[in-house]
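A.B. asks: Below, each chain spelled out in residue letters.
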Amino acid sequence: MNPKTINKFALNTIKVIAGLVVIILAFLIGRILIQGVPHISWHFLTSPSQEFVSGGGISYQLFNSFYLLVLTLLISFPISLGAGIFLSEYAPKNWLTEILRMSIEILSSLPSVVVGLFGFLLFVVQFKLGFSIIAGAIALTFFNLPLLTSNVEQALNSVSDLQREAGMALGLSKWRTVIKVIIPEALPGIVTGIVLGAGRVFGEAAALIYTAGQSASTIDFTNWNPFNAASPLNWSRPAETLAVHIWKINSEGIMPDAAAVSAGTSAVLIIVVLIFNLSARYLGNKLYRKFTAAGK
Amino acid sequence: MNNYISTRNVHLYYGENEALKGIDLNFPDNGIHALIGPSGCGKSTYLRCLNRMNDLIPNVKITGNIEIGGSNIYSPKTDTVELRRQVGMVFQQPNPFPFSIYDNVSYGLKLSGKKDKELIDERVETSLKQAAVWDEVKDDLGKSALSLSGGQQQRVCIARVLAVQPSVILLDEPTSALDPVSSDLIEEMLLTLREDYTCIIVTHNLQQASRISDTTSFFLTGDLIETGRTKDIFVEPKKQQTDDYLSGRFG
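The listed protein sequences derive, respectively, from chains W and X. With the UniProt record's numbering applied, the first sequence corresponds to residues 1 to 296, in that order. With the UniProt record's numbering applied, the second sequence corresponds to residues 1 to 251, in that order.
With the rest of the complex left out, here is chain W (with noise of 0.2 Å):
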């Protein structure tokens, strides 16, 4: 064979290979859509779901799927970033440094159901947190924390180290330098990891099953006092989520209409992570461009 017929070999492969992941994900997703988008109706989104009859929704799970996730990047992210910006600017090259960064990727590679155990045998049983939403954000943060700070890591890395020399060769101090100069710089980057990490822990299941609880307290949507049992800003109440709820009604549903209430539950979850990933790049592009382009 002549090179060219080889390339027209490679190139036709590699083609056939990236459709098929395309035709896969397309399935995939597509199929979730079809059979799930029927269901979702605003009676679906708003009324609390039934165990025994037919007819009930996710409004509980949908508002304990969201309150879980600002909860768990209100802790993650203060703690991710320190750590992103220890990594990247202040960190000598030496083996604690390379220690610390091991222990990061094995924590982002740990399978999440082990960190739901951990969890569970830590906060809820020997801290007695319960099963509730702070115990079930803690687990979450431990699943979300690694993966933030390489991210964080990583757009800081990106941002020219001409920009530390300017802020230095201006009289800056390092600590300055870091925040006003470079961590600006960074924001696109960081932005966009946050906004995709919130779609990972929003559809996270095996790490809340026993941290969160698989049961759906009462919520009371007048009640906004987080101190009371009913509110739904009380984080000390068990909160199944989204992603719980499709596990459970499919392990032990006995509701008739089970297996529609699971499609819908799946189409509004792969929604809303679809929705986190194009706002993710959206908000990045807009906030790069907000930093390099004209305009004020």
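Think of the hints as simulated: they come from the structure by calculation, not from any bench. From a predicted model like this one, the values you see are computed outputs, not experimental measurements. A hint or two may mislead.
Unchecked claim - The list that follows gives simulated cross-link-like pairs (lysine-lysine, DSS-like), each with its CA atoms no further than 27 Å apart:
no.: 1; chain 1: W; residue 1: K248; chain 2: W; residue 2: K128
no.: 2; chain 1: X; residue 1: K77; chain 2: W; residue 2: K174
no.: 3; chain 1: W; residue 1: K4; chain 2: W; residue 2: K15
no.: 4; chain 1: W; residue 1: K290; chain 2: X; residue 2: K117
no.: 5; chain 1: X; residue 1: K117; chain 2: W; residue 2: K180
no.: 6; chain 1: X; residue 1: K77; chain 2: W; residue 2: K286
Said to hold, decoys possible - Not everything, but these chain W residues come out facing chain X in the computed CB check (under 8 Å):
no.: 7; residue: K93
no.: 8; residue: Q163
no.: 9; residue: A166
no.: 10; residue: M168
no.: 11; residue: L170
no.: 12; residue: G171
no.: 13; residue: L172
no.: 14; residue: S173
no.: 15; residue: V181
no.: 16; residue: E185
no.: 17; residue: G189
Unchecked claim - Using C-beta positions, here's what the derived DEER-type ranges look like:
no.: 18; chain 1: W; residue 1: W175; chain 2: X; residue 2: Y74; range: 45 to 51 Å
no.: 19; chain 1: W; residue 1: E252; chain 2: X; residue 2: P58; range: 57 to 63 Å
no.: 20; chain 1: W; residue 1: L278; chain 2: X; residue 2: G150; range: 33 to 39 Å
no.: 21; chain 1: X; residue 1: K129; chain 2: W; residue 2: I17; range: 57 to 63 Å
no.: 22; chain 1: X; residue 1: K138; chain 2: W; residue 2: Y90; range: 37 to 43 Å
no.: 23; chain 1: W; residue 1: L74; chain 2: X; residue 2: S176; range: 47 to 53 Å
no.: 24; chain 1: W; residue 1: L278; chain 2: X; residue 2: D196; range: 52 to 58 Å
no.: 25; chain 1: W; residue 1: T222; chain 2: X; residue 2: P58; range: 56 to 62 Å
no.: 26; chain 1: X; residue 1: P180; chain 2: W; residue 2: T13; range: 45 to 51 Å
no.: 27; chain 1: X; residue 1: K115; chain 2: W; residue 2: Y90; range: 28 to 34 Å
no.: 28; chain 1: W; residue 1: L74; chain 2: X; residue 2: T192; range: 53 to 59 Å
A virtual CB, placed ideally from N, CA and C, is assigned to each residue, including glycine.
Position chain X relative to chain W; hints supplied.
C.D. replies: Positioned in the frame of chain W, the structure of chain X alone reads:
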């Protein structure tokens, strides 16, 4: 002539590698001083000793004595933040901050605690004028500095340095990444600055050195070969190596 900057027996090591092999070099108050030599000869490294930018690189060891304005800048008492305000630096690649032009130029002032809006406005305008970029940006000071052309960015960076009124300006090949028109503008501007600032410029462009500098120092493989008035160096260099380099026989 009193020596504003005086360096004695400066050695610099990157790990085991000796990059500067005992440099004795002095610069008087004001004027433009060129450092020339082939790539890797240590001229940029030397320049970066003068505002301690080499501190940022791990495994660097510097020995010898460097005094600016009578004080030893490597003494433990030196405040590097203050030193770098005193000794400004312009880099090869323009590196404006990701802010507006106005914020870029006023940043150093605000850092040093200046709050008076009028004074800052005035200083921004003067600096941009000195840096010969005012006419091009005056209507758009709120625009992101990153949206400017490379040449404009470099002049904004120079304005950013001028705004804090340093006594020394270090320029590390400031025009080598720019188009000829921008280079000319920057050269002309430097000639107006030489009355009030001590400018030390590293350049690969020998014509540039001969056009604008008052003194020239020739570096080769970490040694200072020759230093003197630019006219003397270019017309009748004392050392054979200088002559070879200037006439293009190597480097």
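A.B. asks: Which hint numbers does the structure go against, in order from smallest to largest?
C.D. replies: Failing hints, ascending: 6, 17, 18.
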